[in-house]
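S.K.: Given chain Y, work out where chain G should sit, using these hints.
Protein chains: 2
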Amino acid sequence: MRNVLFIMCDQLRADYLSCYGSSWLRTPNMDALAARGVAFTQAYVQSGVCGPSRMSFYTGRYPSSHGATWNFIPMPMSELTVGDYLSQAGRALHLAGKTHFEPSAEAMAAWRGGASDRSAASLLQGGFEVVCRHEGDLPTGKEDYRRYLESAGYAGDDPWLQHANSGRHPDGSVASGWQMRHAHLAAHVAEPHSETAYVSNAAIDFIRRHRDEPWSLHLSYIKPHWPYIAPAPYHDMYRRAEQAPIRRNRASEAAEHPVLAAYRSHDECRSFDREDVARHVRPAYMGLIRQIDDHLGRVLEVLEQTGQADRTLIVFTSDHGDFLGDYGFGEKELFHDVVQRVPLIVVDPSPAADATRGTHDGRFAAAVDVVPTILDALDLPAQAHRVEGRSLLPLVRGEAADDWRDCVFSELDYATRRARHVLGRPRDADCRGWMVRTADWKLVAWNGYRPQLFHLAEDPDEFHDLGADPAFEPVRQSMSARLLAHQLTLKRRIAVDLDRIEAMTDNLPPGIHIGQW
Amino acid sequence: MRNVLFIMCDQLRADYLSCYGSSWLRTPNMDALAARGVAFTQAYVQSGVCGPSRMSFYTGRYPSSHGATWNFIPMPMSELTVGDYLSQAGRALHLAGKTHFEPSAEAMAAWRGGASDRSAASLLQGGFEVVCRHEGDLPTGKEDYRRYLESAGYAGDDPWLQHANSGRHPDGSVASGWQMRHAHLAAHVAEPHSETAYVSNAAIDFIRRHRDEPWSLHLSYIKPHWPYIAPAPYHDMYRRAEQAPIRRNRASEAAEHPVLAAYRSHDECRSFDREDVARHVRPAYMGLIRQIDDHLGRVLEVLEQTGQADRTLIVFTSDHGDFLGDYGFGEKELFHDVVQRVPLIVVDPSPAADATRGTHDGRFAAAVDVVPTILDALDLPAQAHRVEGRSLLPLVRGEAADDWRDCVFSELDYATRRARHVLGRPRDADCRGWMVRTADWKLVAWNGYRPQLFHLAEDPDEFHDLGADPAFEPVRQSMSARLLAHQLTLKRRIAVDLDRIEAMTDNLPPGIHIGQW
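Read top to bottom, the protein sequences are chains Y and G. If you're matching positions, the first sequence starts at 1 in the UniProt record's numbering and goes up one per residue. If you're matching positions, the second sequence starts at 1 in the UniProt record's numbering and goes up one per residue.
What the hints contain is simulated information worked out from the structure, not anything from laboratory work. Wrong hints could be hidden among the right ones.
Copies of one chain are not kept apart here, so a pair can be met inside one copy or by any two copies together.
[What the hints assert, rightly or not] Below, in silico cross-link-like pairs of lysine to any residue (SDA-like), each with a Cα-Cα straight-line distance of 25 Å or less:
no., residue 1, residue 2
1, K142, L508
2, K142, S173
3, K491, D402
4, K491, H385
5, K491, A481
6, K142, I514
7, K491, F72
8, K491, P76
9, K491, L124
Just chain Y, with the same shape it has in the complex (with noise of 0.2 Å):
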């Protein structure tokens, strides 16, 4: 294998994939990918939020143990990304899109300082080589989009906003993007300008240029993610199409857990509450995924083109999905399967994998298991002293995997969200959720309150919490018994790998002389 592409989208459900099955969106260039390769179809993220889901698929580690436990949460220093994996093998990681990479003051000062045998990518960006970094709205990642939009004649003084995330009432005022009630209008800027355009472009550049040498890179789109506004033609592209059906059941949600009751009272979820406000949002959700599948038909394209398909790895993903409504609630974060599990497609080009194109896996694959898989295709080292996923190349390549995992886990901590002001827990208050996911059943486990228990088998909806219900006391305890040996494998021991440890066991240093009569 010579290359890597790594493909993430922002927010994208499953279930709007027409390979994952969806009858109201029809996908043709994800299928495409589909085709090629193998789709997991239970695939879950290790935290429903953007920045810790990301840390996870880029360190391959849970958020527990990487430490960006919510958006805008560093990670410390000592954490490292397949990025820093790659480079440390002479090869580099590029970027055209988005990471949400949040630099930890000791890095900024590491940096500063002109310290350590880290590059600036490796403090200041995660590890990866920045081709262009774009992350919407946040000081982060806007100045390269916005360079490029006022080169393309865009004026007003944030032109992100005022032209690629708003639309325009018929007086010609801005009608932002941020009000959902704008969900209908297209966005105030040319389809080839808008920001799946600009990554899709920076990728595709790329590819073209790198087409003589090994390259690995991650082109993450900040879409279908908000604001929830699509340029034209995509913005009334699904207006009057079918949508999927909203999963509501109003009995379970008045005898509620109460981290979710507290859920309620942000402003994604009071408006999403309202039945017409989901409607109203999803066909701008749908014509947002349309447009990141042509030009993802582009990006492949191009692979075929300059002759790169053959040596290329691809893998595409999401950070996690979006309610949409579902349950009345907005956004994402907690852990229904809508938002915790995302299509996870790997097109690996080794004759190795040519049986098992175009076949869907239901095995469950983790945001983890990015890592170890794109080091297994690349043959670098595993970096098992800190890596806690599994590679994905044995199931892709059908090769017998016995002892695969049978159950997947995802962590949620709300300590810097109104709901914990809402549950009046003061700031030093312990507000962290576990999930448990079997095939059959789903526990969430809260610190300070019961857990929640569903039994997806007969009830896929999750509508019906049994967390409470004395009856399933055994399930609780054998699915936390899963939590507690999850717990304990995770990796600590990251200082040393493990030929240092295969040198140090049961060899004391030179004089030191244990035990001995």
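M.R.: Only chain G this time, still in chain Y's reference frame:
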């Protein structure tokens, strides 16, 4: 409070202090210390191994949080110690003696690069300002004492071994202290030049020199740790004295847990499996303790003489105990109380603590409580985003502490031990054990093996392992639930403090408006 004197012994069993009930050894100065403060009779370390236990004492965090899971395994550079916290407050934590701190490769690189905002003391010495560092025979801390011995006229290429830790045969040849058969001999060093005298003198000199300014000092004895050989007159002070009974139950050893059985292959266990070895070594161990006690008297006397006793917080403890042949084991590491329980005496000179002076406190105390106790005594920030222990001052000052812990936790990582090879576990096998101890029960969970369970209320000697007894499944369940609850509250979000969390709460970056209709 102006000063902190944090005194640690190495491998000192709690039951060898007369203030902890020893009938076979009198420790008048340790007893005098207890008379001036509070002796915690149920104080436990977070690992039965020097390095990880000390890093828990110095960081206030559990080994699976600080990452130094065995000796010579560094913490990630992102971990901070009480020395770092004091230096952030413009103070310093000085060191006379042992820390077992190992800088990570990352910290070494940062130091070489003149990097970061961290001092050399922080990067290379774990936050300690070194007065003298003494790690016995370890290259990280043998030069100061070597030079001292050489200046005192002790010859040879390794005076630490040849003089301070070896005796002499009748023919004048060196009888190495590494061989326990020489434990009855006098170390070939004048007592005032011995290791215990050396670090005591350094502390005394420090306390005199800094009498007019606030100071914090870690006085850290390497004794009664190996080699078991004492200078005259301590070498035969207890040769004919009463000894503690040897705790042994060969029947229980017959059907032993596989990890314990594997430990019996270690040299120290093969030797201490012989009762004559244990009997031969214990008088030297007792002599080394009594020697420390005498020097502790000198240190306390100087505090009084210089008028600093009334403004100095004193913490006296040990990094773990010693099997000394109990259960047929030598050394430490495993989860028996003789290893995990340590002396912990806190002397708080403030009038608020007058009511508790001379009392014993049977509530559970832990190594991770020392950092918060020191920060509390000095009115410094609690570092609650990192520190996992609790200040003991409320207990010492007789304040209400209704929600005080009712169990303690400890950990072991035997990946680098011969036991892993004996068990046939590969280098990437998870080799960790986890102890949960309540007043009545002790559960030891082992990754990859069945747990151990002991009913301490009826079996205080931990002879009868109920880990496989179906009748006790409910107890194992409840103890496992405690372990899970503990794991789920460990501090993983270390890169931002609680002020930052509060500032971030329900407060997105400027210009971001999520969820508005």
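S.K.: Checking K491 and H385: alpha-carbon separation at most 25 Å within a copy, between copies, both or neither?
M.R.: Both, since 6 Å and 20 Å are each at most 25 Å.
S.K.: Indicate which option fits the pair K142, I514 if close means a Cα-Cα distance not exceeding 25 Å: within, between, both or neither.
M.R.: Between copies only: 18 Å across chains, 60 Å inside a chain, cut-off 25 Å.
S.K.: Is it within a copy, between copies, both, or neither that the alpha carbon of K491 lies no farther than 25 Å from that of D402?
M.R.: within (23 Å within a copy, 35 Å between copies)
S.K.: Cα distance capped at 25 Å. Does K142 pair with L508 within a copy, between copies, both, or neither?
M.R.: between (53 Å within a copy, 16 Å between copies)
S.K.: Between K491 and L124, at a C-alpha cutoff of 25 Å, which is it: within one copy, between copies, both, or neither?
M.R.: Classified as both; 24 Å inside a copy, 24 Å across copies.
S.K.: Using 25 Å as the alpha carbon limit, work out where K491 and P76 are close: within a copy, between copies, both or neither.
M.R.: Both, since 15 Å and 12 Å are each at most 25 Å.
S.K.: First find the shortest C-alpha distance between K142 and S173 inside one copy, then the shortest across copies, and answer within, between, both or neither for a cut-off of 25 Å.
M.R.: within (23 Å within a copy, 76 Å between copies)
S.K.: At most 25 Å between CA atoms: does that hold for K491 and F72 within a copy, between copies, both, or neither?
M.R.: both (23 Å within a copy, 17 Å between copies)
S.K.: One pair to classify: K491 and A481, alpha carbons no more than 25 Å apart. Within, between, both, or neither?
M.R.: both (18 Å within a copy, 21 Å between copies)
When the structure is compared with the earlier hints, no violation turns up for any of them.
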